[in-house]
Amino acid sequence: MSQTDTQQGTPTLSLENISKLYASVPALSNVDLTVLPGEIHALLGENGAGKSTLMNVASGTVQPDGGTIVFAGESIPVLTPAIATRLGIAIVYQHPAVLPDLTVEENLRVALPASIFMPRADAKKIATRLLDGVGLTVSLADRVEDLTMSEKHLLEIAKAFALNPKLLILDEPTAPLGRESVDLLFSRVRDAVAQGTSVVYITHRLAEVRELADRVTVLRDGKLRGVLDVDKVTDEDLLALIIGRKLESTFPPKATAATTGEVNLSLTNFTGPGFKDITVTVKRGEILGVAGVAGNGQSEFMKALAGLESFTGTVDIGGKTMTPKDLLKDSGYLPADRHHDGLMMTLSVRENAAVSALTKFKRLFFVSDKRERDAVAHSLAELDVKTASPESLVSSLSGGNQQKVVMARALLSEPRILIADEPTQGVDVGARAEIYRILREVSASGIPVVVNSSDAMELEGLCDRVIVMSRGHVVEVLQDANLTETNMIRAAVSSTTESVKVVGRTRAPRQTGFGRFLQGDYAPSSLLIGVIVLLGAFILSQNGRYLADFNINSMLMLATSLGFIALGQTVALLIGGIDLSVGPLAGLLVVIASFFINDDSSGLTILIGFVLMLVVGVVVGLVNGSLIRFAKFTAIAATLTLYIGLQGFSFLLRGEPGGYMNAVITGALKAKVGPIPVAFIVLAALAIGLEFALRKTRWGWQLRATGSDEESARRVGVNVNRTVVLAYMTTSFFAFLGAIMLVAQLGVGDAAQGVGYTLTSITAVVLGGTSLLGGRGNFVGTLLGAVLLIQALNAIVFLGLDEVWQYGFQGLLILVAAILYSVARTRKKGAVSA
Amino acid sequence: MVVERQSAKKLTRRTSKGLITMAISLVILLAFSWALAPSSVSGGAVSGMLQFGAVLAIVGLGQMLVVQQGGVDLSIPGAVSLAIVIVSHEPDGDNNKLFAAVLLAFAYALGAGILNGLMVGRLGLNPIIATLGMNALLFGAVLGISGGTPRTTVDLLRGIGGGATFGLPNSLYFAIAALILVSLITKRTVAGRRFEVVGANSFAGKAMGLRVRTHQGLAYVWAQLLYCTAGITLAGITAQPTAYMGNAYLLPSVAVVVLGGTSLLGGRGFPVATVVAAIFLGQLDQFVLALGVPFAVRTLVQAAALAIGVAIYTVNWAKVRARFAARTDAASAAVQS
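Chains R and Z, in that order, are what the protein sequence lines are.
The numbering used here runs 51 ahead of the 1-based position in the first sequence.
The numbering used here runs 3 ahead of the 1-based position in the second sequence.
The hints are simulated quantities; they were obtained by calculation from the structure and are not laboratory data.
Worth double-checking, as some hints may not be accurate.
[Claimed, not checked] To list a few chain Z residues with every Cβ distance to chain R over 12 Å, as calculated:
#1 Ser28
#2 Val30
#3 Leu113
#4 Ile179
[Said to hold, decoys possible] Sample of chain R residues with no beta-carbon within 12 Å of chain Z, all distances over it, derived:
#5 Ser65
#6 Gly247
#7 Thr332
#8 Arg516
#9 Arg596
#10 Val669
#11 Lys723
[As the list claims (entries may be wrong)] Straight-line C-alpha distance at most 30 Å; calculated DSSO-like pairs for lysine-lysine:
#12 Lys190/Z / Lys411/R
#13 Lys411/R / Lys380/R
#14 Lys380/R / Lys437/R
#15 Lys190/Z / Lys209/Z
#16 Lys305/R / Lys334/R
#17 Lys217/R / Lys283/R
#18 Lys176/R / Lys217/R
#19 Lys747/R / Lys175/R
#20 Lys209/Z / Lys413/R
#21 Lys209/Z / Lys371/R
#22 Lys190/Z / Lys413/R
#23 Lys305/R / Lys437/R
#24 Lys20/Z / Lys413/R
#25 Lys190/Z / Lys683/R
#26 Lys421/R / Lys411/R
#27 Lys747/R / Lys176/R
#28 Lys421/R / Lys209/Z
#29 Lys421/R / Lys380/R
#30 Lys20/Z / Lys437/R
#31 Lys209/Z / Lys437/R
#32 Lys334/R / Lys376/R
#33 Lys190/Z / Lys437/R
#34 Lys371/R / Lys411/R
#35 Lys334/R / Lys380/R
#36 Lys209/Z / Lys411/R
#37 Lys421/R / Lys190/Z
#38 Lys376/R / Lys190/Z
#39 Lys421/R / Lys20/Z
#40 Lys376/R / Lys209/Z
Even for Gly, the Cβ is constructed at its ideal location relative to N, Cα and C.
Start from the sequences, fold in the hints, and give me the full structure.
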């Protein structure tokens, strides 16, 4: 089929008249793109020209507002990621969709169809071959969390190649890669093309276009600027197409010789994570701009100037050499990501604006209401912030006014330097002009102003001096007549520098098998076995009857009911949630059983009882999951509601204990082999089975993927909503199994029982080494945790200890375990980032 | 119309949605109580309700501080019980030893709070685990001190905690004092204001150079001091307190915080609304009790109140409305074209 396509020269992909609006701002207007079979098609344009949006349309992650998509001659009315994958479209995102808590192998397996890893026996070999194909030299068993940025990118690229796609989209793949990896990547791309794959290659670098591409499409402002053959066009012509966006805002007049003064900001060999050896001086009244393709160290540079990163070299402001601490205190910082780092969305405009200057409003012990209001009102008026009232929530403001609130905060703190990272991103045209005016006024008042922007036109209009950064280096310093958009873009796109290693991202020394084990999921389990054995030996030395059949049996029976419930809790924690309702649910199910499973009940009644228990359990899980996913309750709020409610139902059904359980049933549940209860054997087998499923089946990978990183999980094709709701249903199902054991253990319906299992189950799971952050954990550890807990409680009886120990021991166990595991994890993280 | 509403708001701080919701709910509940079960609004019933409601209010204020930092404190049962046990056991019938016992209780609370704060703030432990473990340790201390047997509170404490002044139970005054203190500190001091900012967005707090982890840790310290106050008051109210009285306060404490409008994700706290919510739950108890329905119904009503309370704040009603509006718009646009 594909052969005939190639012969006839039907385009692999043809996008026609694509339009896309974001909040009525056009991101793409009537763009065409045709990718021929076996060609490498470069997509070129400035930051925000619409390249990524166009490719998101082509991969189905963004639905266009207009236009048609034709793939291999077939018109596609609605393209979704799933359909795109089926058609053979693979995309490598700028931010790799990898799951930090899963291993390299699991990342491949969860993202790729099972058919790639057939025959099963060769799965590892196939996975290794995929890694070799992109020159990624990590072990399949390495956790992706430990990989460097470029290794993660290579993994992402390996996933795309594995699909043998008909169309491969690469979105700035070389940004974090070293030269060797780039060469290998290019040769892989050429190989793929030789086999008939078409490639769309998004880049900012002309050199790469020349090296790799056959044809190039240039976008500007969401509009098509031209489609050209690479070998028939000069760099100058390409540049002319890229730049020249229409000027939308007016800029205040620039500094002149008359308005500038002595140097008041000078950086010397300023070096930090992600940028190197920046030396520049700025005069009083001048605004310093930072240009370059986004992600080349600019944000890190700005953060370091704000005192939020460590640095070497010197920063002089107005003749004073600043330490990071000084900068933290004396800088006004406008973060690029306003929502994430800049504003408290749930607080008012006044509170957002005042927070950095509170000490200035203090009168005796308290913040003076009047001073604060006056100062904030004054500042809001000066910056012309449009808000209904200073008491309105900041989230009710438009993007431009929100940005002005952040500026008001920075200015109210009377900074010695103002650092504005992307100050006009997401800001409407009118507010932009005002932000430029404010920045100019601040600069004129003698406070150095540094502006980073991905919009070169903006820097040309606003700044008096611009440094162009590429891969962490300053490649050009522009001023006066040279300070033009063209020069900035030329410097950025024609640079051939190599990345500065971001200090925070170098890799920890490669681990041996043993090291990996120590930091792996099973270290807690071995620790627990050790503790269980030691504790057992100690008790035995004190009391010879400890290992008597009776005691072993009763301990394991107790451990079985707890064990089942804790296995369920493990599932909830693995997806990054928690289920507080398991205890009351188990209690309610026992109460339900006490109405059906009695000595005088018929077989049918007993069966109905069990079915009813199962149904109620699963429904509770469904309610939990739905509240969390669809009503957006936090896991605690949702399951706490159920906790209280289920307890109420139990008491409603059985105000007083009553309803003796059927002796035959309880007898059967208590069946044993030697001293070991059969139920415990079932539990252990189940734990091992689940453990296997967690590591080796798609169910397990999806569960951990969701807990590890929800967004990435969604991008690799996991149905997150379904996974979460099913997980809570699974948790409830295990509470049902636990309840069956409680039927035998309690022998009577009692609404007061069961509730305590919530906290005990969490304790057991934590002891087993499952993280409450989600994504990593294990069932075997949970089982051992449950056994250890029961053993500890039993020990208190056997050693004739005080009741104090019952609690003290449990408390110490959980805290020591939690601290130990968490310290081990942070130490390891430290090793990666140090 | 919009303009009018805006100008009306201009100079006053906004009354929180939580407070409005809780105040209206309380009024409705009182009306129902009066109409359906008059005995639940009799003088004795109200004063009894206020007495215990006040204790829940103080505990709730502590929980609120922790929730403001995106945490949750499961050590309330142990903390409240420990305070009760210390002030009822240590004096052993001797009024003169009460003061020392109270100091000792606060010393324990301070220690527990600092430990919780260090574990969560410094070591980055999950609040659930840290406070769960702390709760067990505190119960260990409870049993260590009491040996599991209750002891009668001294007369002095019974007078202070269980007495009444100007016709209102003393515990209510304690709750009001705690409310004023918490409100003043969080809303009017520099540290308190920063505390709220860190809770609302710790990343922004970090970008501003605030001491994020210290603020997060301190929440647990303040909370423990409040639990301790509540425990001492409770010991005064009940003549012979048991070692497990704190258990009854954990879930309601989370409920009143949520009902008061403080988000479990952290951020701004609503102390007044939290206290009103505590009174609301107290009156709900009285009402259901007076109606003569089973005790269990009360729990169900609590669960329903909690679910509705959370849904008011979590479900994005604006979005739901917008979706409906968009649907109507689309429909009318279709008609027009």
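Hint-by-hint comparison with the structure:
1. Ser28: holds (17 Å)
2. Val30: holds (24 Å)
3. Leu113: Fine: 18 Å to the nearest Cβ keeps Leu113/Z off the interface.
4. Ile179: Since the minimum Cβ distance to chain R is about 19 Å, Ile179/Z lies beyond 12 Å and the statement holds.
5. Ser65: Holds, since 29 Å exceeds 12 Å.
6. Gly247: Check passes; 43 Å lies beyond 12 Å.
7. Thr332: For Thr332/R, whose nearest Cβ neighbour in chain Z is about 26 Å away, the distance exceeds 12 Å, so it holds.
8. Arg516: holds (25 Å)
9. Arg596: Answer for Arg596/R: holds, closest chain Z Cβ roughly 26 Å.
10. Val669: Since the minimum Cβ distance to chain Z is about 19 Å, Val669/R lies beyond 12 Å and the statement holds.
11. Lys723: holds (31 Å)
12. Lys190/Z / Lys411/R: Given pair Lys190/Z, Lys411/R holds - Cα atoms ~16 Å apart, limit 30 Å.
13. Lys411/R / Lys380/R: holds (14 Å)
14. Lys380/R / Lys437/R: holds (28 Å)
15. Lys190/Z / Lys209/Z: holds (20 Å)
16. Lys305/R / Lys334/R: Holds - the C-alpha atoms of Lys334/R and Lys305/R are around 13 Å apart, at most 30 Å.
17. Lys217/R / Lys283/R: holds (27 Å)
18. Lys176/R / Lys217/R: holds (24 Å)
19. Lys747/R / Lys175/R: Given that 30 Å is the threshold and the Cα spacing comes to 12 Å, the pair holds.
20. Lys209/Z / Lys413/R: holds (22 Å)
21. Lys209/Z / Lys371/R: holds (25 Å)
22. Lys190/Z / Lys413/R: This hinted pair holds, its Cα atoms lying about 13 Å apart.
23. Lys305/R / Lys437/R: With Cα atoms ~27 Å apart, Lys305/R and Lys437/R stay inside 30 Å; holds.
24. Lys20/Z / Lys413/R: Holds, at about 29 Å.
25. Lys190/Z / Lys683/R: The given pair, whose Cα atoms are some 29 Å apart, holds under the 30 Å limit.
26. Lys421/R / Lys411/R: Since the Cα atoms of Lys421/R and Lys411/R sit roughly 12 Å apart, the hinted pair holds (cutoff 30 Å).
27. Lys747/R / Lys176/R: Roughly 16 Å between the alpha carbons, so the hint for Lys747/R and Lys176/R holds.
28. Lys421/R / Lys209/Z: holds (27 Å)
29. Lys421/R / Lys380/R: holds (25 Å)
30. Lys20/Z / Lys437/R: At roughly 23 Å apart (the allowed maximum being 30 Å), Lys437/R and Lys20/Z satisfy the hint.
31. Lys209/Z / Lys437/R: holds (27 Å)
32. Lys334/R / Lys376/R: holds (24 Å)
33. Lys190/Z / Lys437/R: holds (25 Å)
34. Lys371/R / Lys411/R: OK: Lys371/R and Lys411/R at ~23 Å, within 30 Å.
35. Lys334/R / Lys380/R: holds (22 Å)
36. Lys209/Z / Lys411/R: Satisfied, since the Cα-Cα distance of roughly 20 Å is no more than 30 Å.
37. Lys421/R / Lys190/Z: holds (14 Å)
38. Lys376/R / Lys190/Z: OK: Lys376/R and Lys190/Z at ~27 Å, within 30 Å.
39. Lys421/R / Lys20/Z: Holds: Lys421/R and Lys20/Z sit about 25 Å apart, inside 30 Å.
40. Lys376/R / Lys209/Z: Satisfied, since the Cα-Cα distance of roughly 13 Å is no more than 30 Å.
In the structure shown, no violation is registered for any of the earlier numbered hints.
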